[in-house]
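Chemist: One-letter residues, chain by chain:
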Amino acid sequence: MNVQTLITNSLRHAVVEVFFTMLSGEVEPGQVTVEQGSPETNDGVVSFIGLAGAWTGTGSITCSPVAACRIASHLLMAEYASVNEDVLDAVAELTNMIIGNVKTDLERHLGSLGLSIPTVVFGRNFRSKSGGAEWIVQPFHWEGEQLLIRLALAKVQKPSGATTPRANACVEL
Amino acid sequence: MESDVLVVDDSAAIRKVLQRVLRQTGMAINTIHEAGNGEEALEILKAKSVSLVLTDINMPKMDGLELLAALKRCPEWAGVPVVMITTEGGETKVAEAVRLGAVGYVRKPFTADQIKEKLAGILEPALPI
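Taken in order, these protein sequences are the chains called V and P. Using our numbering, the letters of the first sequence correspond one by one to residues 1 to 173. Using our numbering, the letters of the second sequence correspond one by one to residues 1001 to 1129.
In short, the hints are calculated from the structure, not lab data. Heads up, the beta-carbon is just placed ideally off N, CA and C, and yes, glycines get one too. Where hints are given, some of them may not hold.
What the hints assert, rightly or not - Just a few of them, taken from the derived set where beta-carbon distance is under 10 angstroms, the chain V residues facing chain P:
#1 Arg12
#2 Val18
#3 Thr21
#4 Leu76
#5 Ala81
#6 Glu85
#7 Asp89
#8 Ala92
#9 Ile98
#10 Ile99
#11 Leu113
#12 Leu115
#13 Ala154
#14 Val156
What the hints assert, rightly or not - Calculated from the model, a selection of chain P residues having no Cβ within reach of chain V, i.e. all distances over 12 angstroms:
#15 Ile1014
#16 Gly1026
#17 Trp1077
#18 Gly1079
#19 Gly1121
Generate coordinates for the entire structure from the input sequences, incorporating the hints supplied.
Modeler: This is the structure in structure tokens:
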């Protein structure tokens, strides 16, 4: 099994499990694509979390403000009509759980990996970039909304050992 | 007897979820204190006596494993049971937590039943009204 298949299977399993357990929801996976370089401009909520070790990269979730509010409403059992600190925190934690579980799964094949603290951005017409890496993009459909889960992971030439990773993506407003 | 519990996680969302889940467990819980990292947890423990610490691992400033080690080094806190709740499901992190003295481990995402199962034997059930 190649790394892309490993990542795709792991992402699907983690997203389904996290949504079912924490949000009592069912998600429908869409067609996987691969993005080279910088993705198109983003609108909405995007969260990033860094991975480091023998392999290094970034995991990301992109969703609309409506989907972000709905995630927070299900997780915190309260109504959220607009994006605020609670909503961003809920999306960050969802990213942490999904990519954290992917990390744990991938460690069985790729060796020990470190996980950073998530970063969340909410805005319009911004670009993100992650060191020219290739992104595996897995869309999911949930309650009429689309969520894009992205993961860019590349093997480093010299294993760096135990390090504390940073989110490798940068955001250009 | 009702117990105080300390929840340590850098995510305010997860602290709120754990507040709700802990109240649903049917355990005799009085106050649930919250801290955003290990340093804040130690400050709370200087002022409050708790019967259980539930802590995340991956946090800024002082992570959950550093907090666990600090608690076990201090005679006043060494006996407080610590349960790790984290996405860090790798064998290395789990083994390190057990070596440092954690009494339990819950992987995120978690259900209320999983939390209740871990707390059985640590906290007393609430008395029926």
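Chemist: Take the hints in turn and mark each one as holding or not.
Modeler: Tested hints:
1. Arg12: Constraint on arginine 12/V not satisfied, violated at 15 angstroms.
2. Val18: Result: holds, 5 angstroms to nearest chain P Cβ.
3. Thr21: Where the cut-off is 10 angstroms and the nearest Cβ of chain P is about 4 angstroms from threonine 21/V, the hint holds.
4. Leu76: 5 angstroms, holds
5. Ala81: Violated. Min distance 17 angstroms.
6. Glu85: Holds: closest Cβ of chain P sits about 8 angstroms from glutamate 85/V, inside 10 angstroms.
7. Asp89: Holds. Min distance 5 angstroms.
8. Ala92: Interface hint status for alanine 92/V: holds (7 angstroms vs cutoff 10 angstroms).
9. Ile98: 9 angstroms, holds
10. Ile99: Isoleucine 99/V check passes; min Cβ-Cβ to chain P is 8 angstroms, inside 10 angstroms.
11. Leu113: Leucine 113/V check passes; min Cβ-Cβ to chain P is 8 angstroms, inside 10 angstroms.
12. Leu115: Interface hint status for leucine 115/V: holds (6 angstroms vs cutoff 10 angstroms).
13. Ala154: Result: violated, 20 angstroms to nearest chain P Cβ.
14. Val156: Nearest chain P Cβ about 18 angstroms off; hint violated.
15. Ile1014: Check fails; 5 angstroms does not lie beyond 12 angstroms.
16. Gly1026: 18 angstroms, holds
17. Trp1077: 25 angstroms, holds
18. Gly1079: 30 angstroms, holds
19. Gly1121: Non-interface label on glycine 1121/P holds, nearest chain V Cβ at 24 angstroms vs cutoff 12 angstroms.
The structure is inconsistent with the numbered hints 1, 5, 13, 14 and 15, although it conforms to all the rest.
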